[in-house]
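*Asks:* Residue-level listing of the chains:
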Amino acid sequence: MAEEAVAFASDDWFKAAQEKLRSDEVFKEATADWEGCVRCIIDCEDEEAVKDYRTDFGIKGLVGTLGMLPKEERLKYKGTGLEKLAGKLGYSLDDEPGSFDVAEAVKKAEGLTLEDFKDCVIYASWWTDRGVLKEMEPLPPDKYEDAPFTLWGTYFAWKQLCTGQQTAIQLIMGGKMKLEGNLKYILKHMAAMNQLAEVYKSIPLK
Amino acid sequence: MYFEIDKLVRENKEHSMFRSELHRFAKEVLRPAAEKLDKMDAREVAQHDSPYFEVIRKMKKNGYHRVLVPEEYGGEMLGPLEFNTYCEELAWGSMGLTTACGVNSFPAICAALIGSPEAIEEVVRPFMEDEEDKYHGCWAVMDPDRGSDYITAMDDPHPEEFGMEGFLKTERDGDEWVLNGTKSYWTSSGPCANWALVHPILPPHSSPQDIGAGMVPLTLPGVTVSPPIDKLGMRDDPQGEIIFENVRIPNHYMLAQAPEFGRTLVKMLVSCTSVYMGGMFLGVARAAFEETLKYCKERIQGKKPIIDHQLTRIRLYKMFEGIETARAFLRAATRNVFEEIFQNHTYYQSTAHAFTAHAYCKNTAFQIAHDGLQLFGGAGILKEMPIEKLFRDARVGLIMDGCSEMLSLEAVADMLEEDLYTVD
Chain U
13 MAEEAVAFAS
23 DDWFKAAQEK
33 LRSDEVFKEA
43 TADWEGCVRC
53 IIDCEDEEAV
63 KDYRTDFGIK
73 GLVGTLGMLP
83 KEERLKYKGT
93 GLEKLAGKLG
103 YSLDDEPGSF
113 DVAEAVKKAE
123 GLTLEDFKDC
133 VIYASWWTDR
143 GVLKEMEPLP
153 PDKYEDAPFT
163 LWGTYFAWKQ
173 LCTGQQTAIQ
183 LIMGGKMKLE
193 GNLKYILKHM
203 AAMNQLAEVY
213 KSIPLK
Chain R
721 MYFEIDKLVR
731 ENKEHSMFRS
741 ELHRFAKEVL
751 RPAAEKLDKM
761 DAREVAQHDS
771 PYFEVIRKMK
781 KNGYHRVLVP
791 EEYGGEMLGP
801 LEFNTYCEEL
811 AWGSMGLTTA
821 CGVNSFPAIC
831 AALIGSPEAI
841 EEVVRPFMED
851 EEDKYHGCWA
861 VMDPDRGSDY
871 ITAMDDPHPE
881 EFGMEGFLKT
891 ERDGDEWVLN
901 GTKSYWTSSG
911 PCANWALVHP
921 ILPPHSSPQD
931 IGAGMVPLTL
941 PGVTVSPPID
951 KLGMRDDPQG
961 EIIFENVRIP
971 NHYMLAQAPE
981 FGRTLVKMLV
991 SCTSVYMGGM
1001 FLGVARAAFE
1011 ETLKYCKERI
1021 QGKKPIIDHQ
1031 LTRIRLYKMF
1041 EGIETARAFL
1051 RAATRNVFEE
1061 IFQNHTYYQS
1071 TAHAFTAHAY
1081 CKNTAFQIAH
1091 DGLQLFGGAG
1101 ILKEMPIEKL
1111 FRDARVGLIM
1121 DGCSEMLSLE
1131 AVADMLEEDL
1141 YTVD
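In order, the protein sequences belong to chains U and R. Using my numbering, you'd call the opening residue of the first sequence number 13 and step up by one each time. Using my numbering, you'd call the opening residue of the second sequence number 721 and step up by one each time.
These are computed hints drawn from the structure, not numbers from a lab. Hints should not be assumed to be uniformly reliable.
As the list claims (entries may be wrong) - Below, computed lysine-lysine pairings styled on DSS-like, alpha-carbon distance capped at 25 Å:
1) U:Lys190 with R:Lys889
2) R:Lys756 with R:Lys781
3) U:Lys213 with U:Lys188
4) U:Lys190 with U:Lys130
5) R:Lys756 with U:Lys188
To be verified - Derived DEER-like restraints, expressed as beta-carbon distance ranges:
6) U:Lys63 with R:Lys756: 57 to 63 Å
7) R:Glu849 with U:Asp45: 52 to 58 Å
8) R:Leu1136 with U:Gly193: 22 to 28 Å
9) R:Lys854 with U:Asp113: 34 to 40 Å
10) U:Ala44 with R:Val1143: 50 to 56 Å
11) U:Asp141 with R:Asp893: 41 to 47 Å
12) R:Glu1059 with U:Pro153: 37 to 43 Å
13) R:Gln767 with U:Ala44: 55 to 61 Å
What the hints assert, rightly or not - One-sided excerpt, in silico: chain U residues whose CB lies under 7 Å from chain R:
14) Gly99
15) Gly102
16) Leu105
17) Thr175
18) Thr179
19) Ile181
20) Gln182
21) Ile184
22) Met185
23) Leu199
24) Ala204
We put the CB at the ideal spot given by N, CA and C, even for glycine.
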């Protein structure tokens, strides 16, 4: 049976990624000597995010992702561009996502422009410890600020990475993603990062 | 031709046919053209009606410009063994023309490796489809008075002390990058090209390690291409200077924009070119050896063919040893480069092995050409003898694309940094 497509960076996407990373033997082998958390920063101020977050699946996914966070962590997005965007869609960080009216939000999203995505950032973690996945989930803005690695990219760049259109090195060298951390360690473990991208690529996107 | 010691390779019929076809092309097309070009004035070589362009078109019709680009982008990527054979056989015919064909596709090769989808559609595909040489690239990598610095700065603990004077630099201006500076007269195919892969220093311009990579159409305003230089060897590969004055390229033409990855980029690209050059020097070495063998069998001195003299045999043994060793080592280094760069995209190739293979092959080529020339005696210095051109080409080769000494220093630096050998 064909795998169901999910919205990028949605709760369904994170769950699918967790499941695959836990069971993928090639990934476990590729990350057998990888240690350290990667703090992922998805900058949604781009046209691809505007396109996705005007759709029902995109909006549902975004709210679902925020719903993955415990309330006290979700509230740390208060005052950020993400909170403002969510507010424009009719979602408050104080609310649990279950009661959210997606159909209403889609109507509100019709008027969204790039300006509405200013400073709109989603934070997430990828943490594998010697082949065992520890975390692959959304984060509050202030968590793991001292993580050994940080990978920033636009929403579009992250989608290109996760759909295999470009490799991490292509995106980083081309200035579409920025990597901070021990560069030599990353280069030595580029096979691990490439295999991570292969797993992401196996998740069909809407 | 030679006996292939590796049984698996020897019995691979497809590979044998591939090698035969390359050799035929080298013998029938490259060698005669190279001999002609070697005797021409440097400026004449770069004229549009010169045999140089005719040969490049023939090479492109055979798809020889597609060998390092994946099929998904219109290329015909070879495997590592086929690539070694390609380099060796074609350079057996002419190292200069094989170099020219290689750098011709450099903008596309680099774009295929690290470029965006837009760069691939706009530049890589047309380069790959081209058989009329409408797209003629070159590799503008060296800066004037900065030849060895380009390599040694990459491993220096204080690269900022090299200073920025003399380097081509670039600045971002909106959706464009602006280039200012000069790339040196060592730019292969520079006088003939209409595209260049250039390596400018990126902002913040703090050191030579802040290096990037960009594709530049040489027809843009602000580009000046100098006439070709007149040189000792590899005269069939026109080289010249390119000047950039406020040359603007679109953002997606600047393939590598991350200064923190400059060192990785250089090591990756130079590892690729190292195995390329290594293969070509192997071709030169073999050509010189074969010419020498032939002459030694024919030349009578001391009442017998000189091949029957022991001193000659010792020399021939050293040549044989050099070629076979170089070929075996080069194949291993090339496999590593192909696996890490073209197949797995880790860019974590062993630069130490790639540089060592390159240095070993070029030193071997020169030693063989030198000893071969000595065995030719007075006949060897005649312009009409192939060994004369091979000797000059091999000598120039000791310097170009990283002189042997610099390659050796960098190989050791990489070997130590990566702990390739440890003490128990």
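*Asks:* Hint by hint, say whether it matches the structure.
*Replies:* Consistency of the hints with the structure:
| no. | hint | verdict |
| --- | --- | --- |
| 1 | U:Lys190 with R:Lys889 | holds (21 Å) |
| 2 | R:Lys756 with R:Lys781 | holds (21 Å) |
| 3 | U:Lys213 with U:Lys188 | holds (18 Å) |
| 4 | U:Lys190 with U:Lys130 | holds (19 Å) |
| 5 | R:Lys756 with U:Lys188 | violated (48 Å) |
| 6 | U:Lys63 with R:Lys756: 57 to 63 Å | holds (59 Å) |
| 7 | R:Glu849 with U:Asp45: 52 to 58 Å | violated (43 Å) |
| 8 | R:Leu1136 with U:Gly193: 22 to 28 Å | holds (23 Å) |
| 9 | R:Lys854 with U:Asp113: 34 to 40 Å | violated (58 Å) |
| 10 | U:Ala44 with R:Val1143: 50 to 56 Å | violated (25 Å) |
| 11 | U:Asp141 with R:Asp893: 41 to 47 Å | holds (44 Å) |
| 12 | R:Glu1059 with U:Pro153: 37 to 43 Å | holds (40 Å) |
| 13 | R:Gln767 with U:Ala44: 55 to 61 Å | holds (59 Å) |
| 14 | Gly99 | violated (32 Å) |
| 15 | Gly102 | violated (35 Å) |
| 16 | Leu105 | violated (35 Å) |
| 17 | Thr175 | violated (11 Å) |
| 18 | Thr179 | holds (5 Å) |
| 19 | Ile181 | holds (6 Å) |
| 20 | Gln182 | holds (5 Å) |
| 21 | Ile184 | holds (6 Å) |
| 22 | Met185 | holds (4 Å) |
| 23 | Leu199 | holds (5 Å) |
| 24 | Ala204 | violated (9 Å) |
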